[in-house]
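**Student:** If you want the building blocks of each chain, they are given just below.
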Amino acid sequence: MKRKMLSLGLCAMMTASLLVGCGSGNTEGSAENVETSGELTWRIGGIGPTTGGAAQYGQGVMNAIQIAVDEVNAAGGINGYQISFNFQDDEADPQKSVNAYNTLKDWGMQILEGTVTSGACAAVSAETYNDRIFQITPSASSTSVIEGNDNTFQICFSDPNQGTVSADYIAENGLGTKIGVIYDSSDPYSSGVYQNFATEAANVGLDVVATEAFTSDSKTDFTTQLQKCKDAGADLLFLPFYYTEGSIVLTQANKMGYAPTMFGVDGFDGLLGVENFDVSLAEGVYLLTPFAADADDEATKKFVATYEESYKDTPNQFAADAYDGVYIIKEALEAANLTPEASNEEICDALISEIQNVNYNGLTGEGMTWNDKGEVSKDPKAVVIKDGGYVSVQ
Amino acid sequence: MKNLNKSTQKLIISILVIVVLYIVMAVMESTGNLSSLMSGLLVPVCAYSLVAIGLNLCVGYLGELSLGHAGFMCVGAFTSAFFSKAYANTIPDVPRFILALLIGTFFAALFGFLIAIPVLRLSGDYLAIVTLAFGEIIKNVINVLYVGIDSNGLHVSMKDMMSLGLEPDGTLLVNGAQGITGTPRQATFLIGVLLVIFALVVTFNFVNSRTGRAVKAIRDNQIAAETVGLPITKYKLIAFTISAAIAGVGGVLYAHNINSLTATTNNFGYNMSIMILVYVVLGGIGNFSGSLIATVVLTMLPEMLRGLSNYRMLIYSIVLIALMLFNWAPDILKFRADHGLTSKTILGKIKKTKEVQ
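Protein chains in written order, with the numbering used here: chain S, 1 to 394; chain W, 395 to 751.
Just so you know, the hints here were simulated from the structure itself, not pulled from any lab data. Because the structure is a prediction, the values reported are computed rather than measured. Don't be surprised by glycine CBs; every beta carbon is placed ideally from N, CA and C. Treat each hint with caution, since some may be false.
Using 25 Å as the maximum straight-line C-alpha spacing, the simulated PhoX-like pairs for lysine-lysine come out as follows [stated by the list, open to error]: (1) S:LYS255 with S:LYS302; (2) W:LYS610 with W:LYS404; (3) S:LYS230 with S:LYS178; (4) W:LYS728 with W:LYS743; (5) W:LYS553 with S:LYS178; (6) S:LYS228 with W:LYS553; (7) W:LYS728 with W:LYS738; (8) S:LYS219 with S:LYS255; (9) S:LYS255 with S:LYS228; (10) S:LYS178 with S:LYS105; (11) S:LYS230 with W:LYS553; (12) S:LYS219 with W:LYS738.
Chain W is faced by these chain S residues, among others (derived, beta-carbon under 10 Å) [as the list claims (entries may be wrong)]: (13) THR50; (14) GLN56; (15) ASP93; (16) ALA100; (17) ASP106; (18) VAL124; (19) ASP187; (20) GLY233; (21) ILE248.
Please put together the full structure from these sequences, using the hints given.
**Tutor:** Right, dumping it as structure tokens:
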């Protein structure tokens, strides 16, 4: 009996040492984009889904940050120090996201640019708040991300902003009299925008005649929802979700011979790039986006060209937000005149005060500023799709 | 120790191993040798272990395949997180967590009981399908549930946030798909370990009790058990309810370890139910300590493989297949027996070398 106990104890010790060994060895990091040389660098971490259902957004953000980091490094880095970048996958799951965050912490992350999705971001921002690590998210638009956390900032405009602006815009321009809404009730982003839209719609006197929901388990067929909106006589559909489902809605509405005005939010950006999608169906679709891949300005052209060359894909607005993020961090760090020797807490405190003085012109907006809550001041711009391109309407 | 019966000895050994592991981890953590990733994983591992123990009771001793245990975990997680958030400012931390734990466990048990009534009239594949459906229903109901609290009391809606009609001073507790944000973070590794040990004690005692023997008799031959006069439904209900309650405890632990609790397919849907079933099958059906080991290994593995970037999903699956084959494929078992590679012979060898020394 004694011996058996001893051997079991030994087994337990071995298991423990295995786990611990793995743990401390993790500093080697992952992904091809990690620089592990011993020199002192800025360590910027990124978290987002690069596998699973939301992978396209995470991939875009990862690629765009990589492009920006390479550019900054080629131009001499920030305050004379190069940037190392490490991006971890979270499968858009809060628990996995916290695991990814801990991995990055072991790697020595000083600043976090992430996470990509709202639900995961809320979990991680609670952690960064406790650990005093500065966090800026390119695309998590929910208010729960920044609520109560002084160290978390958003580059994208927030859900309330989008929902409210959409309702105001529709009311002011008289785009529709009877509004139908279809939204993804299982998605924090989609239901967040919807809630704010519905609140504002009631305020400005829009007549919402049909509200139909779907879930992530049933996002391939929208005929029921469309039929109900059609029966209710909706002449404008508000569609606060991502473009993949958006393309299906447009195709199915067309098949049904139902042609209301379609109004999407920023998730619709990317609609024109969907494979096997008849782009002519997107004609006349309104959407909110701060970024158009075919814009004429020099910065956008350069970014899109580099992105297309490196990753054989057109960047969407999340990627553009993420690209801007690196330069925003750079600007704030330069203003604070910090070096990577500073502790995470020093960097965090300095960046919190500096970012509120930053006035940044980037791909996704002119003169972006931040308030102490973490919200960005840029306004969502409505564009309409015409001849396969975005035309801004004001 | 010698005059105790075999199952008690086994239980004591399991608990001792857990305690040793806990001490090792606690020492590592206090001396700063434990990476953040590892210390972040400790509580989730305990949570999943609890659910695996619960499911093992159902699969191994009741002999019924349940694919809905993540649903019970979900019930435990949301009810307790709801309670903790609602009373975050009125009840002090410690009693609130204890109450949250009891509430989470109670509601998981209640749901287990209610679901078991229709479900246990079925058997085999049909039971698996119905439990799968129940798990999904729970997840989907939580995704459309909006609960807020203000000076007029509790407001509940299944439609959207606006129909709650909250006063401006009200707080939103459950926000549909956005779930519960801001649950106080109270689960620690110590609590996790204590709960795992407690669950082990309960299950070990249960399966060796009078009721447990009846449950096993029903599993082995329902008709024979019925002939002897055992009330089948009663025993099945008891076992299933306990199993759900333990899964609920796992949910409570999970919920109090993360700030943002959402019900998605990955954490409370069928994916998770099947993941937990994998822990149980790999660890050995009816073997509680085995489930624990399998849970630890399989929860840690994908995180350990982060170094391989996106290939880790592929490697993880391959490792899983290899482990299953190694443990259960008849040819491999035979090969292992022939070459002295079974766990028994390996343990025996260790013993022998000790004796030689």
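**Student:** Does each hint hold? Answer for all of them.
**Tutor:** Each hint tested on the structure:
Proximity of LYS255 of chain S to LYS302 of chain S is assessed by CA-CA distance (about 39 Å); at most 25 Å being required, the pair is judged violated. For the hint linking LYS610 of chain W to LYS404 of chain W, the alpha-carbon distance of about 19 Å falls within 25 Å, and the restraint holds. Note on LYS230 of chain S and LYS178 of chain S: the hinted pairing holds, with a Cα-Cα distance of about 10 Å set against a maximum of 25 Å. Proximity of LYS728 of chain W to LYS743 of chain W is assessed by CA-CA distance (about 19 Å); at most 25 Å being required, the pair is judged to hold.
Taking the CA atoms of LYS553 of chain W and LYS178 of chain S, the gap is near 20 Å; set against the 25 Å cutoff, the hint holds. About 17 Å separates the Cα atoms of LYS228 of chain S and LYS553 of chain W, which keeps this hinted pair within 25 Å; it holds. With a CA separation close to 14 Å, the supplied pair LYS728 of chain W and LYS738 of chain W stays within the 25 Å bound. A distance of roughly 17 Å separates the Cα atoms of LYS219 of chain S and LYS255 of chain S; the hinted pair therefore holds under the 25 Å criterion.
With a C-alpha separation of about 15 Å, the suggested pairing of LYS255 of chain S with LYS228 of chain S holds against the 25 Å cut-off. Between the alpha carbons of LYS178 of chain S and LYS105 of chain S the distance comes to roughly 50 Å, so the proposed pair goes past 25 Å and is violated. For the proposed pair LYS230 of chain S and LYS553 of chain W, the alpha carbon gap of about 21 Å is at most 25 Å, so the pair holds. For the hint pairing LYS219 of chain S with LYS738 of chain W, the CA-to-CA distance comes to about 51 Å; that exceeds 25 Å, so the pair is violated.
Checking THR50 of chain S against chain W: minimum C-beta separation of about 6 Å stays under 10 Å; hint holds. Contact between GLN56 of chain S and chain W, as hinted, is not supported at the beta carbon level, the nearest pair being about 13 Å apart and thus beyond 10 Å. Because the closest C-beta pair between ASP93 of chain S and chain W is about 5 Å apart, less than 10 Å, the hint holds. The restraint placing ALA100 of chain S at the interface with chain W holds, with a minimum CB-CB distance near 8 Å, inside the 10 Å limit.
For ASP106 of chain S, the interface hint holds, the least distance from its beta-carbon to any beta-carbon of chain W being 5 Å, beneath 10 Å. With a cut of 10 Å, the hint placing VAL124 of chain S at the interface with chain W holds, because the nearest CB-to-CB distance is about 8 Å. The interface hint given for ASP187 of chain S is met, as the beta carbon of that residue sits about 6 Å from the closest beta carbon of chain W, less than 10 Å. A hinted interface residue such as GLY233 of chain S counts as satisfied when its beta carbon comes closer than 10 Å to some beta carbon of chain W; here the least separation is about 21 Å, so the hint is violated.
At about 19 Å, the closest approach between the beta carbon of ILE248 of chain S and any beta carbon in chain W exceeds 10 Å, and the interface hint on this residue is violated.
Hints 1, 10, 12, 14, 20 and 21 from the earlier list are contradicted by this structure; the remaining hints agree with it.
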